[in-house]
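J.: In the working numbering, the protein residues as written are 123 to 507.
Treat the hints with care, since some could be wrong.
As the list claims (entries may be wrong) - Pairwise CB distance ranges (calculated):
1. Glu351 - Cys280: 31 to 37 Å
2. Met353 - Trp174: 42 to 48 Å
3. Gln150 - Asn257: 35 to 41 Å
4. Thr462 - Asp497: 24 to 30 Å
5. Leu154 - Ile213: 48 to 54 Å
6. Cys280 - Trp174: 18 to 24 Å
7. Gly452 - Asp192: 53 to 59 Å
As the list claims (entries may be wrong) - Straight-line distance between alpha carbons at most 27 Å, and here's what the computed DSS-like set of lysine-lysine pairs gives:
8. Lys470 - Lys487
9. Lys348 - Lys395
10. Lys487 - Lys431
11. Lys256 - Lys310
12. Lys487 - Lys459
13. Lys292 - Lys354
14. Lys455 - Lys465
15. Lys354 - Lys310
16. Lys316 - Lys345
17. Lys240 - Lys138
18. Lys225 - Lys275
19. Lys138 - Lys431
It is worth saying that the hints were derived from the structure and are not from the lab.
Treat the numbers as computed from the prediction; the structure is a model and nothing was measured.
Every residue gets a Cβ at the ideal spot worked out from N, C-alpha and C, and that includes glycine.
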Amino acid sequence: AHAYNLLINACSRNGKYNDATLLFQEMQEQGLEPNLVTYNLMLSVYGKMGPWDRVAGLFDEMKNRGIRPDEYTYNTLIGACRRDSLCEEAIIFFDEMKAVGCKPDRVTYNSLLDLYGKSRYHDEALNTLQEMEKNCCPPNIVAYNTLISAYSKAGFYCEAIALKDTMLSKGIHPDVFTYTSLLSGCDKAGRPGKAMEIFKEMKNAGCTPNLCTYNTLIGMYGKKGKFEEMMKVFDELRSSGCTTDIVTWNTMLSVFGQNGMHVELSQVFKEMKAAGFVPERETFNTLICAYSRCGSVEQAMTIYRGMLKSGLCPDLATYNAVLAALAREGLWKQAEKVLTEMKGGRCKPNEISYCSLLNAYANGKEIKRMKDLADDIYGGTIYPC
RNA sequence: UACGCUUCUAUCUCC
Numbered sequence: 123a124h125a126y127n128l129l130i131n132a133c134s135r136n137g138k139y140n141d142a143t144l145l146f147q148e149m150q151e152q153g154l155e156p157n158l159v160t161y162n163l164m165l166s167v168y169g170k171m172g173p174w175d176r177v178a179g180l181f182d183e184m185k186n187r188g189i190r191p192d193e194y195t196y197n198t199l200i201g202a203c204r205r206d207s208l209c210e211e212a213i214i215f216f217d218e219m220k221a222v223g224c225k226p227d228r229v230t231y232n233s234l235l236d237l238y239g240k241s242r243y244h245d246e247a248l249n250t251l252q253e254m255e256k257n258c259c260p261p262n263i264v265a266y267n268t269l270i271s272a273y274s275k276a277g278f279y280c281e282a283i284a285l286k287d288t289m290l291s292k293g294i295h296p297d298v299f300t301y302t303s304l305l306s307g308c309d310k311a312g313r314p315g316k317a318m319e320i321f322k323e324m325k326n327a328g329c330t331p332n333l334c335t336y337n338t339l340i341g342m343y344g345k346k347g348k349f350e351e352m353m354k355v356f357d358e359l360r361s362s363g364c365t366t367d368i369v370t371w372n373t374m375l376s377v378f379g380q381n382g383m384h385v386e387l388s389q390v391f392k393e394m395k396a397a398g399f400v401p402e403r404e405t406f407n408t409l410i411c412a413y414s415r416c417g418s419v420e421q422a423m424t425i426y427r428g429m430l431k432s433g434l435c436p437d438l439a440t441y442n443a444v445l446a447a448l449a450r451e452g453l454w455k456q457a458e459k460v461l462t463e464m465k466g467g468r469c470k471p472n473e474i475s476y477c478s479l480l481n482a483y484a485n486g487k488e489i490k491r492m493k494d495l496a497d498d499i500y501g502g503t504i505y506p507c
């Protein structure tokens with residue numbers, strides 16, 4: 123079992139979750155009993171992909187087989203709750219772990235912080251931070267970075283910077299995670315000047331930027347159309363010994379989309395493939411959005427069909443990108459079809475989806491349909507999400 | 001009883 127655990131772990135680290143699942147099946151077919159670590163590993167794998175029921179089912183299974191969950195198990199379960207913002211479930215695990223005598227540690231609290239932060243429950247996150255102090259778990263750098271990331275994503279860049287100063291005052295030195303979060307936060311808040319201050323501070327503090335940092339800066343300059351600055355970031359990226367990754371390419375695609383630079387967009391996509399990068403789901407999502415912004419729904423839809431053909435599964439962002447593309451052209455009949463498809467599938471429409479449909483009606487001059495849909499939404503006949 | 005394999009944070013997409 124130990125050998126299988128090592129293999130499963132290797133797959134999990136490389137994102138090969140299906141292979142991990144196959145190994146898990148294989149070991150049982152060979153008559154080997156999965157042990158505690160095996161279950162912990164698989165809970166982590168299932169938590170990263172696939173339906174929640176599978177996580178819950180596996181947890182039941184291990185208990186039924188008489189394997190007692192440990193701190194790792196509960197930490198993994200709470201971590202798995204983050205993907206779908208399952209706050210209630212996380213609290214149940216948190217209480218259960220204390221009830222069975224497992225002591226929450228920093229990882230437990232940090233996972234809760236991340237869950238609350240990504241779910242935009244900022245008050246709960248702060249409460250958790252205080253509970254950590256109380257329970258002799260003073261927040262470490264991961265805890266601070268987690269909160270800073272949450273604030274940055276939510277657009278609260280001032281709060282994020284303040285938290286960075288708090289951690290400094292406690293003698294915890296911000297690292298490349300901290301600074302990259304802050305840069306991204308300033309960018310999202312439309313404060314590139316502030317971002318540059320942070321970047322200078324980062325270098326003065328002796329913190330070396332990495333590829334994530336450069337990708338953030340490329341996106342920041344690029345979307346503002348500051349291409350000379352953007353190229354300087356590329357130069358620095360290369361001279362620092364980094365090499366571009368798929369996120370760099372996705373960022374470039376997004377940048378040319380946002381600037382409506384159709385020719386460059388197609389060119390970069392070609393170069394990306396020539397460089398040997400295999401488009402991922404996020405690449406396709408970016409392309410659908412980018413072509414639409416360049417005024418080409420046809421190409422956006424071609425990309426969408428290409429994505430389906432390549433065997434990738436659309437997610438909510440894909441559908442919403444398609445809906446937004448159709449909406450821009452007022453193609454409300456097609457938008458309705460997509461929405462119907464969503465209702466019958468795994469990705470239920472959210473607020474953004476319905477906004478796009480409203481937009482599609484508006485741009486298609488279908489005032490009556492628009493009003494009716496708005497009434498349904500505000501009247502509670504339709505529940506987004 | 002302890003220890004070992006397993007659990008937490010940043011950059012791209014739904015404008």
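J.: Starting from the hint 48 to 54 Å, judge whether the C-beta atoms of Leu154 and Ile213 obey it.
T.: This hint is violated: roughly 35 Å between Cβ atoms.
J.: Can you confirm whether the C-alpha distance between Lys138 and Lys431 stays at or below 27 Å?
T.: Holds: Lys138 and Lys431 sit about 21 Å apart, inside 27 Å.
J.: Is 24 to 30 Å a correct range for the gap between the Cβ atoms of Thr462 and Asp497?
T.: With Cβ atoms ~19 Å apart, the hint is violated.
J.: Between Lys292 and Lys354, does the CA-CA distance stay at or below 27 Å?
T.: Answer violated: Lys292 to Lys354 is near 35 Å, above 27 Å.
J.: Can the restraint linking Lys354 and Lys310 be considered satisfied, given a maximum Cα separation of 27 Å?
T.: Holds - the C-alpha atoms of Lys310 and Lys354 are around 21 Å apart, at most 27 Å.
J.: Tell me if the straight-line CA distance from Lys470 to Lys487 falls inside 27 Å.
T.: 26 Å, holds
J.: Holds or violated: Lys455 and Lys465, Cα atoms, limit 27 Å.
T.: 16 Å, holds
J.: Using the Cβ atoms, figure out if Gln150 sits within 35 to 41 Å of Asn257.
T.: 39 Å, holds
J.: Decide if the proposed pair is consistent with the structure: Lys487 and Lys431, CA atoms, cutoff 27 Å inclusive.
T.: Violated, at roughly 33 Å.
J.: Take the C-beta atom of Cys280 and the C-beta atom of Trp174, compute their distance, and say whether it sits inside 18 to 24 Å.
T.: Given a distance of about 35 Å, which is not inside 18 to 24 Å, the answer is violated.
J.: For the pair Gly452 and Asp192, does the Cβ-Cβ distance stay inside 53 to 59 Å?
T.: 57 Å, holds
J.: For the pair supplied as a hint, Lys240 and Lys138, confirm whether the alpha-carbon distance does not exceed 27 Å.
T.: Distance of about 25 Å is within 27 Å: holds.
In the structure shown, a violation is registered for the earlier hints numbered 1, 4, 5, 6, 10, 11, 13 and 18, in ascending order.
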